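Trainee: Each chain is listed here by its residues.
2 protein chains.
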Amino acid sequence: MKQSRMYIPTLKQTPSDAEAVSHQLMLRAGYIRQVAAGAYSYLPLSWSVILKIENIIRKEMAKIECVEMNMPAFLPADLWKESGRYETYGDTLFTFKDRHDREFMLGPTHEETFTTVMKENLNSYKKLPVLLYQMQAKYRDEDRPRYGLLRCREFIMKDAYSFSANQEQLDVAFNDMEQAYRNIFDACGLDYRIILGDAGPMGGTDSKEFNAVAAIGEDTIAYSDTSEYSANLEMASSKLDPLPVEEHKAIETVDTPDVHTIDGLAQLLNIDASKIMKAVAYIADEKPVLVMIRGDYQVNDVKLKNLVKADFLDEATPEQVVSLFHSVPGFIGPKGMSDDVRVVYDSSLEGLSNFALGPNVENKHYINANFEDISENMPEFNDVRIVKEGEKSPDGKGVLKFNRGIEIGHIFKLGTKFSKDFGATFLDENGKAKPIIMGSYGIGISRLLSAIIEQHNDENGIIWPVRLAPFQVHVVPINYKDDTQRKLSDEVVSLLQDEGYDVLIDDRGERPGVKFADSDLMGMPIRITVGKKAADSIVELKIRSTGETIEVNKDELVNSVKILLKNQ
Amino acid sequence: MKQSRMYIPTLKQTPSDAEAVSHQLMLRAGYIRQVAAGAYSYLPLSWSVILKIENIIRKEMAKIECVEMNMPAFLPADLWKESGRYETYGDTLFTFKDRHDREFMLGPTHEETFTTVMKENLNSYKKLPVLLYQMQAKYRDEDRPRYGLLRCREFIMKDAYSFSANQEQLDVAFNDMEQAYRNIFDACGLDYRIILGDAGPMGGTDSKEFNAVAAIGEDTIAYSDTSEYSANLEMASSKLDPLPVEEHKAIETVDTPDVHTIDGLAQLLNIDASKIMKAVAYIADEKPVLVMIRGDYQVNDVKLKNLVKADFLDEATPEQVVSLFHSVPGFIGPKGMSDDVRVVYDSSLEGLSNFALGPNVENKHYINANFEDISENMPEFNDVRIVKEGEKSPDGKGVLKFNRGIEIGHIFKLGTKFSKDFGATFLDENGKAKPIIMGSYGIGISRLLSAIIEQHNDENGIIWPVRLAPFQVHVVPINYKDDTQRKLSDEVVSLLQDEGYDVLIDDRGERPGVKFADSDLMGMPIRITVGKKAADSIVELKIRSTGETIEVNKDELVNSVKILLKNQ
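Here the protein sequences line up with chains A and B, keeping their order.
Using my numbering, read the first sequence as starting at 379 and increasing by one per residue.
Using my numbering, read the second sequence as starting at 379 and increasing by one per residue.
Check the hints yourself; a few may be wrong.
Put simply, identical chains are the same to the list, so a pair is met inside one copy or across any two.
Below, a list of computed lysine-lysine pairs in the DSS-like style, where the Cα atoms sit at most 27 Å apart [stated by the list, open to error]: (1) Lys-798 <-> Lys-810; (2) Lys-441 <-> Lys-430; (3) Lys-390 <-> Lys-812; (4) Lys-504 <-> Lys-390.
FYI, nobody ran anything at the bench for these hints, they're computed from the structure.
In this text, all values refer to a predicted model and were calculated from it rather than measured experimentally.
Just need the whole structure built from these sequences, with the hints factored in.
Mentor: Spelled out as structure tokens, the structure:
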């Protein structure tokens, strides 16, 4: 392909309004242009990458017998009113009326549509399981679209849906999909982590989230530096070292006037915060819950909510500490707490001795307390804390590291929520009507570009993994008007195209410096420079990722390119 | 691919609300389902055809160096307000506001978007020409969506745009595109006609329309039965046989009371309608125009409008005939007509003699009139009539036939309308700023399915052209539970897949009759039935288009399939 016929508007300056590296590079290298906030035009180079990603997805979906089709983005609002998501999505939906005043919306995802269309025919266990997917534009009216393709209002998704007759079929579909997603993200050259996700608005019971490691990511992931362990910070746990065994001292009450923080208490008592048993009072679905945790840790609301199985969780107000916990704000503690308060002990407290804690008396604290001072039996310990970087991974392998992550895929066991909403039932072996068991599986195709470029770039531009590069080889003649150089360049292009490679040739009349800078910026895996040695049929190969160059004779060219591309 | 894992909801009954054959068949054969009026889900079989069409388009676009990219469908309304099309499209646009109350719309086409995005970089003659295209969902709020995929509110288009520095570059792009379109429609196995189109709302100066011949089509095409001549009925012309030469009689005035139609006049005078010079009074941009035409022809408004270069054309009211033509409604004629009325003579009158016409006097007509009775000089004749089927083609080759056509493609020389609207200029060789010369080129991809099926079907279902069939071969075991049949069927599938064919196998537990009916309905080019002779490794090949069957041994299978598919 001739570069003069492509539309690749490279920029010399980094656009000032682009924060993310991937956004900057996609603008600078002429991959994308904004049409509206959160809506981009995919110029020829980025579109070529999108098509390559789509083909990788097609191959992997075919392997697991997941079949491609396509739904409209233009949907009747009634569908979403029926599932209740018209309300829960709220402002995130683009809604409008047609010329006959009927209500429509643009699809942000397609559970409702697939369920209603498929229920017509998937009416017998004999027709299940079925797995279907599509790749298309999706719409969400994000409050703050940003970071280029990372958070858009129109974006490209691959979304798949599985329809199963029983839990085993769902498990097979879910596991197949997980493996396919691994293969896809591996092929994209991504460093990613699979974490157990919070099911969120889908209301599912089981989900996994694929996160590409990147500083620009919107979530924090905690992961082991040596094992596969990985979790969203809200879900992450760690293995704590056993605390040192000490001889138990005698509990005492001391005056602690005007102390309102753990730090203040530690300072006053001249002890470490880790020697304080901190109390945090919560109201969980209107019931009082007192969480005890080591002074150097914070309570993780998500874990606590899951533990006490609450729909709503709030910290208690000072008034509630008095009225519901019958205690004194700032001095609350488990000793003598009334039976209608549930007391939760975080596992950070396990083995702690000679600690300080609140006595439910104003301006006082206990010191040198031990569990036998609080209750007859040793309490049960639960993990309700936010883990810290550097702690041991819960699987015992390696220590936890934190990183930001970009969500690139998500797989859900939906269960029967949507099939019940829409009456999608099938007759089982005994002729009994049952709701179809569903799963849904998404990949953010357009944001994959952002994730990949965040991970694959240097100060000169993008560095494409071989399988995704718009062109595997970029031929750059120093002077394309020179007969010898042009002839050899064209010959090089033909030789490589005949071998099935995608080749771009810079046939522009620009200076070599401009051409090289543009070439680095665009990021094809191999650049072939055709210059003065063209007379001797010698060209220079440059590997984009390492910067290495070698001179090669025309006759060895195809072979050299083959080897170089294989080794990347 | 296993049929049990595809989603192919075939129907035994023809849905009562589907009028078009293609619509009926796509519903019955499980290719599409409606999601909203004018919005369809493309089930796996139809989507597979769409992808094949897209790949044919890709190949042809690559040949003419037209590069693929992708624009959002979600567009700021301002873009279209600037071009004026926000108003001219009116109710046809889907418009809505985002959460910040900004106005947006869904793109029905993308001239505005391409012009604004590309103008940034296409600023020098050195960067031109550039040809770009995309394939994506487009949106039009049609008043009456109908005929399945033929007239939808969400539909799939391929739209291309050319940017040129001069007329020659535009001509090359236009001609390249025409050839590419011919190749694409040929590959789709379509019988189509290329007609000189009315430029319409694009405001272009030159356009060609590709129409697939089909009874369900919305336009009437007139075409020669032997040459390439083809035109929309509104644009078609014909070659009339010379009229017989007669001796001129003397003009007379006769009483014709209460005669208000040509037929009535012909009856009263006992002459043929072709011996009457009919007058039709028009107001063209507020000016009076009197059209004279043979009594057996009708005036073609489009031709007349073009001839008198009018923006608005209406038939004159009886009041206007009196006030502006100074005549009598029903008895108007050219003789003695005032000079401020333009008189147009249709070429059907050339050589007419001894005819009747209106004398501008109530209840009278001239008979036996000749041109010398009307004016001193023989008038100029122009073609302003609607042609009739059976007339000679204007190129003298063959006679005109009429047929309905489905518009499947349209190529336009846009000129500088959009580049001027958006200030898209480039510097020419002399450093002078000029507006870019544009072209736009569309293919209705989803409606192609309708057009192809309208042309390729029989009473049993669809008959796919080989290159578009979702699967080239449909393997149908009589009893897939029978070990011998299953083994041979699976082997047949592998053998053919290894040769690169797309193969579907009916692994369902249905009766053979159901399987065969479904197979014919779905329409793959070759069906391979695996039945009792499986024990002898013999299968039956059936050619869908002809119904021919042959028995073939497993060893000859691949070769037979190869030959049969090549010959279709």
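Trainee: All hints, please: hold or fail.
Mentor: Going down the list of hints, with the structure as the test:
no. : hint                : verdict
1   : Lys-798 <-> Lys-810 : within (15 Å within a copy, 67 Å between copies)
2   : Lys-441 <-> Lys-430 : both (17 Å within a copy, 20 Å between copies)
3   : Lys-390 <-> Lys-812 : between (61 Å within a copy, 25 Å between copies)
4   : Lys-504 <-> Lys-390 : between (61 Å within a copy, 19 Å between copies)
When the structure is compared with the earlier hints, no violation turns up for any of them.
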